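> Sequence:
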Amino acid sequence: MGNTIRAFLAGIFAASAALGGAGCGESYIADMKSFEKNESPVIDTFTSNIDPLAVEIYPGMEMLLTVKAHDIEGDPITYAFKSAQGTMRNLVHTADGCTVDYFIKSTCGSSDSIPITVIATDDKGASSSRTIDMGDGTTGPVFSSSTWTGSTTLASGGTMSVDFSVDRSGFYQVRFQNSLVSTIDFDMSHASFFYTAGDPKTVIFHALTGTDENTNLPAAGTYNVYVLLLDKFNRLSCVSNTVTVID
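In the numbering used here, the protein residues as written are 2 to 248.
Everything labelled a hint here was simulated from the structure, so no lab data went into it.
Remember, it's a predicted structure, so these values are computed and weren't measured experimentally.
Be careful, since some hints might not be right.
Unchecked claim - Subject to a maximum C-alpha distance of 20 Å in a straight line, what follows is the list of computed DMTMM-like cross-link-like pairs (lysine to aspartate or glutamate):
1. K202 - D164
2. K38 - D134
3. K69 - D45
4. K83 - D102
5. K69 - E57
6. K125 - E74
7. K233 - D168
8. K83 - D113
9. K233 - D113
10. K125 - E40
11. K38 - D72
12. K83 - E37
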């Protein structure tokens, strides 16, 4: 009986020694590394070559986006972008990130907010993201100035003028109607003129004797006269005044 027990214990010790010699301890350490936490990539910077607060933006505009990022464990990083108002092309990987061309969609209807998100993902599936806003914070064109001169009651040959300036580029129209409402729709069939942001303009309305059908008030009555500006995002702004024409 004693000999049997001693033989059994000797077998256990021999097996343990054999396992140790086979590198069991080293294998165990390697397996532990697979349980270490995988850190997400770090996005250091996400920038554009365009400053929307300094440069007027418009549908179809192209800009270059640059991402700089790193992974703490040194894992390779892939990049993806999301934006409802634009599309991306020509993704190029760089030594410390990537670049991509971004185009504002021609159908984009607002420049107020244009968020763009980059998602950086390592080869183990950990990811991080960052968003920049390429909007200019405006909800539509603004007449930065509009000064009316002349009488609001005009006899034949009399004039009223308006000096105006708008903070956005687009197209402007000069209109009038004898229904007294303060707003009017932009009429695509009506004469339109290109306007550059900040450019001062003067429009003169004539009573009865003008030669331009856009600005000549053709008969006695009370009119609303308008200057309308439609910006490149199809947003409308308008200034108006009321004029009475007498015979």
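> Does each hint hold? Answer for all of them.
Here is how each hint holds up against the structure:
1. K202 - D164: Within the cut-off at roughly 6 Å; holds.
2. K38 - D134: violated (32 Å)
3. K69 - D45: holds (5 Å)
4. K83 - D102: holds (13 Å)
5. K69 - E57: Violated: K69 and E57 sit about 26 Å apart, past 20 Å.
6. K125 - E74: holds (11 Å)
7. K233 - D168: Cα-Cα ~12 Å, so holds.
8. K83 - D113: holds (18 Å)
9. K233 - D113: holds (13 Å)
10. K125 - E40: holds (9 Å)
11. K38 - D72: holds (13 Å)
12. K83 - E37: violated (31 Å)
In this structure, the earlier hints numbered 2, 5 and 12 are contradicted, and the remaining ones agree with it.
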